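> Spelled out from the first residue to the last, the chains are:
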Amino acid sequence: MTSAAASARRPLTRKSAGGGLSVGIATGYLSLIVLLPLAALVVRSAEDGADAFWNAITDPQAVAALETTLVWSLVVVAINAGAGTVIAWVLVRDDFRGKAIVNAVIDLPFALPTIVAGLTLLTLYGPKSPIGVNAAYTTVGLALALLFVTLPFVVRTVQPVLLELDRDMEEAAASLGANSLQTFRRIVFPNLFPAILSGVALSFARAVGEFGAVVLISGNIPYKTEVASVYIFGQIESDNVTGAAAVSVVLLAISLLALMGIGAVRRYATRHDG
Amino acid sequence: MGRLALRVFALGYLAALLLIPLGLVVFRAFEEGPGEAWEAVTTPDALHAFWLTILIAAIAVPANTVFGVLCALAVVRRRFRGHGLVNGIVDLPLALSPVVVGLALFLVYARGGWFGQTLLDNGMQVIFALPGMVLATIFVSLPFVVREVVPVLREIGDEQEQAAATLGASSWQTFWRITLPAIRWGVAYGVVLTTARALGEFGAVAVVSGRIAGKTETLTLFVNERFERFDLVGAYAASLVLALMAIATLAATTLVRKGEHT
Amino acid sequence: MIAARNVTKRFGDFVALDGVSVEVPSGSLTALLGPSGSGKSTLLRVLAGLETPDAGDVWISDEDATRLSPQKRNVGFVFQHYAAFKHMTVWENVAFGLKIRKRPKDAIATRVAELLDLVQLTGFGERYPAQLSGGQRQRMALARALAVEPEVLLLDEPFGALDARVRKELRSWLRRLHDDVHVTTVFVTHDQEEAMDVADRIVVMNEGRIEQVGAPRDLYERPANEFVMTFVGPTTQIEGEYARPHDLELVPADEHGGVRAEILRVVHLGFEVRVELLTETDEEVTVQLTREEAAGLAPSVGDRVCVRSRERAVSAS
Chain A
629 MTSAAASARR PLTRKSAGGG LSVGIATGYL SLIVLLPLAA LVVRSAEDGA DAFWNAITDP
689 QAVAALETTL VWSLVVVAIN AGAGTVIAWV LVRDDFRGKA IVNAVIDLPF ALPTIVAGLT
749 LLTLYGPKSP IGVNAAYTTV GLALALLFVT LPFVVRTVQP VLLELDRDME EAAASLGANS
809 LQTFRRIVFP NLFPAILSGV ALSFARAVGE FGAVVLISGN IPYKTEVASV YIFGQIESDN
869 VTGAAAVSVV LLAISLLALM GIGAVRRYAT RHDG
Chain B
2 MGRLALRVFA LGYLAALLLI PLGLVVFRAF EEGPGEAWEA VTTPDALHAF WLTILIAAIA
62 VPANTVFGVL CALAVVRRRF RGHGLVNGIV DLPLALSPVV VGLALFLVYA RGGWFGQTLL
122 DNGMQVIFAL PGMVLATIFV SLPFVVREVV PVLREIGDEQ EQAAATLGAS SWQTFWRITL
182 PAIRWGVAYG VVLTTARALG EFGAVAVVSG RIAGKTETLT LFVNERFERF DLVGAYAASL
242 VLALMAIATL AATTLVRKGE HT
Chain C
900 MIAARNVTKR FGDFVALDGV SVEVPSGSLT ALLGPSGSGK STLLRVLAGL ETPDAGDVWI
960 SDEDATRLSP QKRNVGFVFQ HYAAFKHMTV WENVAFGLKI RKRPKDAIAT RVAELLDLVQ
1020 LTGFGERYPA QLSGGQRQRM ALARALAVEP EVLLLDEPFG ALDARVRKEL RSWLRRLHDD
1080 VHVTTVFVTH DQEEAMDVAD RIVVMNEGRI EQVGAPRDLY ERPANEFVMT FVGPTTQIEG
1140 EYARPHDLEL VPADEHGGVR AEILRVVHLG FEVRVELLTE TDEEVTVQLT REEAAGLAPS
1200 VGDRVCVRSR ERAVSAS
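Chains as they are written, first to last, in my numbering: chain A, 629 to 902; chain B, 2 to 263; chain C, 900 to 1216.
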């Protein structure tokens, strides 16, 4: 960490590439593009008074939407924790023809527009399904959409950790008498856990805000399959801007909590590094 | 034995969730013949949507690239007070719902918004017009270049830049000849991710654009509109175009990764 | 006792071990010595069960262990880079093997305390490996391997990752530990000085084959071939043959016998003096003299002298 030590000694007046201009431009751009609109959001949600805010977020349909969002996001990230770890394991430890293609395919949900993802799932699991599975207008459809968009997160956080994992530790455990399952449970898993948590937090942040993938397949049925983002969209279309802003602030708070969670997991993950 | 089971599970999961549905979209797009599919994506509205999407990306991506490099430099090299906060704000768009983003922009730039009236009085319409869609796309695709360049900058350290300074190079020369070449793969990767995100944006532009076909519809909004009008071939064909763009993005990332290691 | 019989191991086209047989007597401290690629680590890992041979067997205490997994061999293994379980404390690391074998809690506690005392890490139990120095981590790894009372202890370049001073300390520490505990021990090294310093017996390996097996002194004084001679101990070449620098002497040029040469360099290394010469036939020869001899001869650069062997014989090439 010589860079950090060096900059601690370096006087603040030292010129570097970009100079103070870069700081000014960066913060100006961020303020204009990100902070300004978010500030307007928070202000607008409170503009009609605390009562209006409270009523907006305790509206039964809003509460149901938030509940649906939270419950199904949690279910989906739990599934991702398991499936994602298995996929990462297979990509790192296994070898088969076409593995490189499979590895590239994992990133598809990152690159594919969400609306296309929704339509894609609807094709196989909707009313015109060739295999007769119709999950449209159900929470299963909702879950599928969320699983699709959050697929890469756990895989991509676990993969590098698994690659870096010291195989010597597993051999040492074997020489001490541990079988495969014991080695996984006591040696491999504890070292993977922070990466899994990190992926889970990222998946969760993504899932609670998802709109495009969900909007086609879930049917957006209030009190059943309507998620928070769809509810907010509906409120905007009905000109209930205060209501939309209030529920948006709640979603914003959840997103911020998720981001802080990710940061905390990162610090937890590096606590044993020496 | 266990190894085979894991492999079957992993591949099966990916096939069921990703590959088979996508393959089916390709099938459905050409179900009524390639001619029908081609016609569906070459209607005036479709073409307009396509070019509008490209135009927005052509503005948003360079803007975010310049910002991304400057911001990364500011955060890593200057380490100014509040750089941790800046880092956090840069990450926000990744966690925010796009609908919330659209609403926030609406509240600033729409008629009843903070700047909306002033801008409209000066002949500048943001919401339900191109500028709003550009702003929304910039917002959601903001983090990628920063996040890719920051770790690269940290890793290479500033010794090369210090050496250049002792040899007489100005700030700009150092940046252009030393820093930029060193971070070029990080920038390239960030640009690819930014482009993918910009091309695929849906929720935020759905709110700020008004979704007027032939005027303020991007390709993603076009897919949605075709679906709502039960024009499935149109929806699938346009989806295929977007999917091809996505695959091109994936191919580009692979190329960038390869280029990085030569 | 642990033995390999006719073991062959290939990695793709590369033959790491070519029909190797070696027997390690019970209670001994044996070194597998050789350059990189000689197969010594591979042989060690085959003995441990971490690699399966393509041909040949492994015998542990008169039983065929070739098909046994490493879990079942009761062989302790210590890695060059410690392989510490970094998410567990030192105590938990050492206790690992005992916990796997489901020993009762108090038995484990007693044994771990015993071992930490043995490796002089008492009081470090609650620390994490990241908080230990390299030498301490390796001592912990040894304690961990010894906890389950293995029949054989195998160490793969155990001091390779440590700096020179710590290496020397741990070398003598290992020797003393072996004298106390008497476990059959095999360790791999590429450092001939380390092998000579620590081991009772040395197995010299090269390119997947065993060149010679014997006590350090035997290998030094009666090397079986050129490879062993040049690998174990310093050598110099004179008239196309290998000799030990201290087996050569310098005599005035006009005396009989020996090869004529000119002194290029004289280096005073404390109690010995190294003289580098160029012979008439353009060979570079090194001769080692004691301080007394050098004082008597007073060699200086440019002197023309004769180099010849002392009473001891030069090795057959």
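Since the hints were derived computationally from the structure, they do not count as laboratory data.
Everything numeric in this text was worked out from a predicted model, so none of it was measured.
Just to be clear, a hint being listed does not mean it is correct.
What follows is a set of in silico ranges between Cβ atoms, one per label pair, in the way DEER data are often shown [as the list claims (entries may be wrong)]:
| id | chain 1 | residue 1 | chain 2 | residue 2 | range |
| --- | --- | --- | --- | --- | --- |
| 1 | A | V671 | B | P45 | 37 to 45 Å |
| 2 | B | G85 | A | L698 | 38 to 46 Å |
| 3 | A | V703 | B | A249 | 30 to 38 Å |
| 4 | C | H1081 | A | L885 | 30 to 38 Å |
| 5 | B | A17 | A | I849 | 50 to 58 Å |
Think of the CB as a built atom: it goes at the ideal place given N, C-alpha and C, for glycine as much as any other residue.
> Evaluate each hint against the coordinates.
Verification of the hints:
no.	hint	in the structure
1	A:V671 / B:P45: 37 to 45 Å	holds, 41 Å
2	B:G85 / A:L698: 38 to 46 Å	violated, 28 Å
3	A:V703 / B:A249: 30 to 38 Å	holds, 33 Å
4	C:H1081 / A:L885: 30 to 38 Å	violated, 60 Å
5	B:A17 / A:I849: 50 to 58 Å	violated, 24 Å
In this structure, the earlier hints numbered 2, 4 and 5 are contradicted, and the remaining ones agree with it.
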